[in-house]
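Sequences are here, hints too, so could you generate the full structure?
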Amino acid sequence: MTAEKTKLTRQQMCDRLAMEFQDGWIVNLGVGMPTLCSNYVDDSREIINQSENGVVGYGPLAGEGEEDRHLVNAGGQHVTPLAGMGIVHHADSFGIIRGGMIDVTVMGAYEVAENGDFANWRIPTRKGGGIGGAMDLAAGAKRVFIALEHTTREGEPRLLKRCTLPITAPGVVKMVVTDLGLFAITPAGFELLENAPGWNPEEIQELTEARINISPNLKDFRFRG
Amino acid sequence: MTAEKTKLTRQQMCDRLAMEFQDGWIVNLGVGMPTLCSNYVDDSREIINQSENGVVGYGPLAGEGEEDRHLVNAGGQHVTPLAGMGIVHHADSFGIIRGGMIDVTVMGAYEVAENGDFANWRIPTRKGGGIGGAMDLAAGAKRVFIALEHTTREGEPRLLKRCTLPITAPGVVKMVVTDLGLFAITPAGFELLENAPGWNPEEIQELTEARINISPNLKDFRFRG
Amino acid sequence: MKNKVYATMDEAVADIPDGSTVMCPGFSGVGVPRNLLAAVNRQGAKELTCISNNAGTLDELVDVGTLVEAGQVKKMVCAFTAPTHPSMVTPFVRMYNEGLVDAELVPQGTLAERIRIAAFGIGGFYTPTSVGTELAEGKEHREMNGRTYVLEYPLPADYALVRAWRADKFGNLQFRLSQRNFNPIMAMAATTTIVEVENDVLDIGEIDPDQVHVSGIYVDRIVKIPDDGIWDGAKPGL
Amino acid sequence: MKNKVYATMDEAVADIPDGSTVMCPGFSGVGVPRNLLAAVNRQGAKELTCISNNAGTLDELVDVGTLVEAGQVKKMVCAFTAPTHPSMVTPFVRMYNEGLVDAELVPQGTLAERIRIAAFGIGGFYTPTSVGTELAEGKEHREMNGRTYVLEYPLPADYALVRAWRADKFGNLQFRLSQRNFNPIMAMAATTTIVEVENDVLDIGEIDPDQVHVSGIYVDRIVKIPDDGIWDGAKPGL
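For the protein sequence lines, the chains are E, H, X and U, in the order given.
Sequential numbering of the first sequence, starting at 1, is according to the working numbering.
Sequential numbering of the second sequence, starting at 226, is according to the working numbering.
Sequential numbering of the third sequence, starting at 451, is according to the working numbering.
Sequential numbering of the fourth sequence, starting at 689, is according to the working numbering.
For the record, the hints were derived by calculation from the structure and aren't laboratory data.
One thing to keep in mind: the hints can contain errors.
Mimicking DMTMM-like on lysine to aspartate or glutamate, the simulated pairs with C-alpha atoms at most 25 Å apart in a straight line are [as the list claims (entries may be wrong)]:
(1) E:K142 - E:E194
(2) H:K367 - H:E427
(3) E:K127 - X:E497
(4) H:K367 - X:D670
And the structure:
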């Protein structure tokens, strides 16, 4: 039986990374796609969400009319207070980050390389860059997970031998999810752990610049529920 | 009329330094003799007492039975809370100190030199030293005032050309009070501003190793009240 | 002691001269001193260097971008000099691209710590952040305990404009939830700290000493936000 | 999530091995984790390096000096290695003079900041403190903006023993008045942080998020001080 060839949705991609979070982990989710990780619920564990603005232990997004104007996550979304939450100022917040207290940070990226480099802050053809807390998180977190489309809109690969864009940090990425599958980055480079439904490793390799090693335990992509 | 030759008491010495404090000054008083400065009251001004353990704006010593076991000054004396008091942790407290927020620190010393050096943390014949916050205060405070006996118990001078003991900080002392008078330290060295009752400048010079300049406005020592 | 309570935002910022360095806290729209920024905009000081997490947004609310758009800002020191999405062309982005305003791009945690050490009399610190990136080029590197760091320097300012939740007349401040962000460290780092406060200014003694977020020793001027001030859409006095 | 609440001080310190580096906060007798120190004394770990403002006092209360006197401490890192008065010969002073214990003398503000940067991933910082003194000899000097600084390094630890006023089950901590001192920064800097708390351990959510002094993410073990514990002369539960 062959599954129908399907690309993963952003929510499915983020769900899969969120499944890796362990009970008690302190998690920092980047603005944009990575915030979808918080939609994956697993009652058997507790996750502590930290955001750059010094909120430790915030809860789900606030519903309509439920917003507290003083409480937002790093992306400016209104979140709800969770019992046990605590607030610190910005220097102390990055003390948490730089000090290695974040178990995992999930970020988006333009490119990831087989040596663990990634790039998400600057396109050289445009002036300036948007770093925010990305370089601190990349340098400080225990694990960096990246969620990104497997190719650009033009079909160019984003999983590369070496990044072509200015990198955010060297050699830090441990896990990558794309719309085609889940990858670890090991000393040997990308390792395909799970493939999207209907996609075989050769097809994924064709859309990838870097060489992809195939896990001896290659599995079907794991979905929520 | 000649005043009777009198040495100043420690309280009189500290009163005199405290008279220099200006309204709104943030003051750090060293353990021991300098704490006597807080006994000088002048209702026309408000002084903010800061101590190394992070208390900003504490009040007078606590009376018998009035002690709060969680509230002490740097010398471990129980003090009373004053309206407007605020607490910070030790790193932030020395942030206040190193950051130049302390208008004046008053410390005791073994020796003071005409170049503004002073020594109060180590006697080389004994092993080790007791620095506490003295080096941070000396390097960080806007003004360092020193209160000390004019001579040692053996009659040796403490106001020197150069310190013989290991110094606490170079060139920081602005004002010195001894049991014989009040001195400024200027680029030209010690300047006698006020002499203790009955002591003429020549007599004070005899008990001093450094050369003492005499202020053109030399006055009688100013007492409380 | 000197009275720190000012009647209006305009009085509180009246003396900010051209060429000043001004800290502007706030993060994702919370804890932004919008009323003081509006007053600086009215006051018209020019050639400002502004230190802020970002350089303004696309919304209509007053923020540091308002000063940029008005041509009052010579240079931004911030963590974002390009939009997170190419479609978000703020006034700053347009003017930066056209060379009308200068900028220094600083990673957010480095920005926060540089502000803190400016407050705390530290001459520099070594951070692992940015090592191996373009941003570390030309910076002094040092390996310690098997890890590579770059040296970063203090970032002081002449003025900090601060938004607080509660203040007493001495200037002790409290912030609410994520309003805190850059406010305390900027309040401590600037020579002159000016605070807009959401609640009525309290008498001295009304704030629990254990719950003071910024000591009044750092605060110079306090203004209550008027009912017709900028409340970020919430009712006054929340 | 893992339960952090321990029933006894002895259980909470049971696994501290010989050779550990242990942070011991407290200042002038306030905020000293006396119950945990008594438990470490009973437990008997040896060859410890202890980081503390001082190395013990002359009073009868349990403090880091108790461990020194018991021969459990190899080295003290502290701001006082000689008594403030020659008559105050503590067990540490006697043993230090006899070469039975080693010590590193650190100015108090440098001690505090070295602890903080150990917590916060900073590799070193430049301070003006101690410049021009014997204590700066051999340290790297640097002139910046016309001022001379010395380079100081992080001071991490395996364990911090902490005394708190209130704690919730997650480990969020509050301190009361000058009890705070070194407690928060040591709690943040150590790999394993063990807290003795004066009040009953609170349910999660009972501490106002704006009034948390140390986030529970830094806290590993919490023990309520029993009624017959060491209360510094005050009644239990004050």
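Hint by hint, work out which the structure violates, then give me just those numbers in ascending order.
2
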